[in-house]
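Chemist: Protein chains in written order, with our numbering: chain A, 5 to 260; chain B, 4 to 317.
Calculated from the structure, these hints are not laboratory results.
Cβ coordinates follow ideal geometry from the N, Cα and C atoms, glycine included.
Treat the hints with caution; some may be incorrect.
[Claimed, not checked] One side only, chain A facing chain B, incomplete, derived with CB under 8 Å:
#, residue
1, Pro68
2, His72
3, Pro155
4, Asp164
5, Ser227
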Amino acid sequence: MNIYVCLKQVPDTEATILVKDGKSIQEANIKWIISPYDEYAIEEALKLKEKTPGSTVTAVCLGPERVHNALRTALAMGADKAVHIESNVYLDDQNTARALAAVIKADSTFGVVFTGKQAIDNDAYQMHILLAENLAVPVATNVTAFAVEGPLVKVQREIDEGAREMIEMSIPCVVAAAKGLNTPRYASMMGIMKAKKIEIKKITIAEIGVSEAQNKVQLLKLSAPAEKPQGRIIPGEPADAVKELVRLLREEAKVL
Amino acid sequence: MANIGLYIELKEGVFKKSNRELLSLARKSGQHVHAVIFCPDVQPYMEELKGIQTVIQVNGTELTYQPDRYAQALADIIGEFKLSVFCGIFSAQGKDLFPRLAAKAKASLVNDCLAVDLGTRKAIKPVYSGKLLAEYQIDDERALFTIRPNVIAVEASPAANVPEIKPFQLNASPVKTNIVQVVKSTAKKIDLNEAEIIVSGGRAMKNKENFVVLEDLAAMLKAGVGASRAAVDAEYASADMQVGQTGKVVNPKLYIACGISGAIQHFVGMKTSKIIVAINKDPEAPIFKKADYGIVGDLFVIAPLLKDELKKIL
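Required output: the full structure, derived from the provided sequences and hints.
Modeler: Pasting the structure below:
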């Protein structure tokens with residue numbers, strides 16, 4: 005099976021994010037990682053490849069030059085090929101989905117396409133579904149269990165607290181990974197060496213026919229939210245402090 | 004006047020309280036508001052739907068939620084009723100349904116909005132897990148927004164007018180993404196995304212069994228139980244309980260953090276809570292800088308005391 009993984013490079017979860025010119029962020033001191041949900045996607049793609057002889061995993065990533073590192077990591081984990089869609093501009097989700105779909109559609113025999121349920125930078129929660137619609141294939145999101153049974157993909161997805169939907173789809177399809185699906189592997193030394201030798205295929209958004217001018221969702225402004233003023237520590241013996249806390253929650257905060 | 008549409012979400016026939024936020028937002032816009040509701044009988048919900056103009060009742064033989072079918076019906080409704088802006092709740096179902104609708108209705112979507120101007124189609128949403136806010140504007144022919152629960156003030160309808168009910172037939176068309184079964188959790192859990200109160204535990208819980216201390220407190224408060232990434236990674240709590248950048252982003256009116264240090268990873272998942280209470284043994288824990296109220300002490304002492312104290316008043 006020709007398995008695909010779409011991933012995004014994002015700032016590390018511990019990074020402090022500062023606004024640059026009202027529309028972008030200061031990148032100077034940022035450590036870039038693969039969006040955590042995309043790591044689950046990579047792992048599940050590799051597991052499927054291991055179970056399905058003759059399969060390949062192709063990692064696809066859209067972004068500037070720096071995303072090579074994310075693709076190298078995916079290759080080091082065990083992906084076979086990588087495609088870098090070069091873009092230095094803000095693209096909305098519809099545009100991004102079209103660009104990713106163009107790369108995958110170029111392979112008429114694509115199978116399961118894995119991606120994360122959201123990227124932890126824009127938190128847009130939609131690219132995977134738009135991608136599936138562009139590919140004209142079914143999609144399940146927030147997936148915590150995945151299996152292939154004959155011609156069908158069977159997944160579980162978490163909905164409201166603890167409840168799960170059991171979903172069946174035919175292949176090809178898109179699967180958007182959530183936490184709990186698996187534990188992503190670390191790249192081995194051998195994997196890292198091997199990854200260095202694999203050529204990353206490049207294609208520009210211009211070659212695909214996607215541009216910033218086609219955006220329908222405009223980013224007007226980025227800003228830092230107002231910080232909360234520092235609260236107070238309630239002193240005293242445990243029993244007294246708890247009494248005072250309950251009083252404050254009722255009378256001052258009015259949340260009880 | 005523009006035509007505004009709302010997707011009214013029912014959960015097993017129960018009107019979700021976040022629908023009231025959608026209705027409050029839409030009524031204020033002064034536009035023609037259409038509420039779309041999938042149900043065999045709309046009467047039980049009409050009291051809630053006062054003050055808008057039209058209720059579109061979607062009925063058919065296959066009313067059980069199937070994302071493809073629902074999205075197609077909503078896309079058809081958006082076309083037929085010429086709805087230029089369409090809003091829903093940023094819930095588990097909203098997250099699944101609205102992107103599908105965006106694709107089918109040739110519309111653009113902004114999810115997880117904290118504020119929406121239905122006239123200018125501008126919306127503010129958290130990005131980088133709330134470390135920043137982004138303001139977007141939709142230029143597309145049709146604009147879709149999902150709204151984070153617990154952010155819009157609910158206001159009673161100023162007008163008592165009863166909306167006109169228009170029926171819409173749901174086609175039992177075949178589905179590509181087929182939900183064959185919904186398995187409910189045996190434990191009756193409160194949905195963290197929409198919970199009004201959350202009690203969360205961190206690494207200091209020490210093991211899975213100790214979470215019963217928080218569950219007791221939560222039961223008293225009718226609260227949901229959450230956990231930090233440290234607690235989930237140590238397998239003290241299940242992944243669906245995780246609050247934080249790689250878990251759920253929650254927005255309750257009261258968040259009680261027990262034995263949680265307050266790493267930014269966790270903080271961004273709960274920082275918009277109206278009131279944050281921190282209970283931690285370590286007076287230097289960063290959580291105290293972010294909490295409205297803090298008690299320095301052992302959670303295994305404080306949480307049961309808090310439960311007993313609440314018992315007196317609740």
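Chemist: State for each hint whether it applies.
Modeler: Hints versus structure:
1. Pro68: 18 Å, violated
2. His72: 22 Å, violated
3. Pro155: Cβ of proline 155 of chain A sits 13 Å from chain B, so the hint is violated.
4. Asp164: 5 Å, holds
5. Ser227: Holds. Min distance 5 Å.
Violated hints, in rising order: 1, 2, 3; the structure is consistent with all others.
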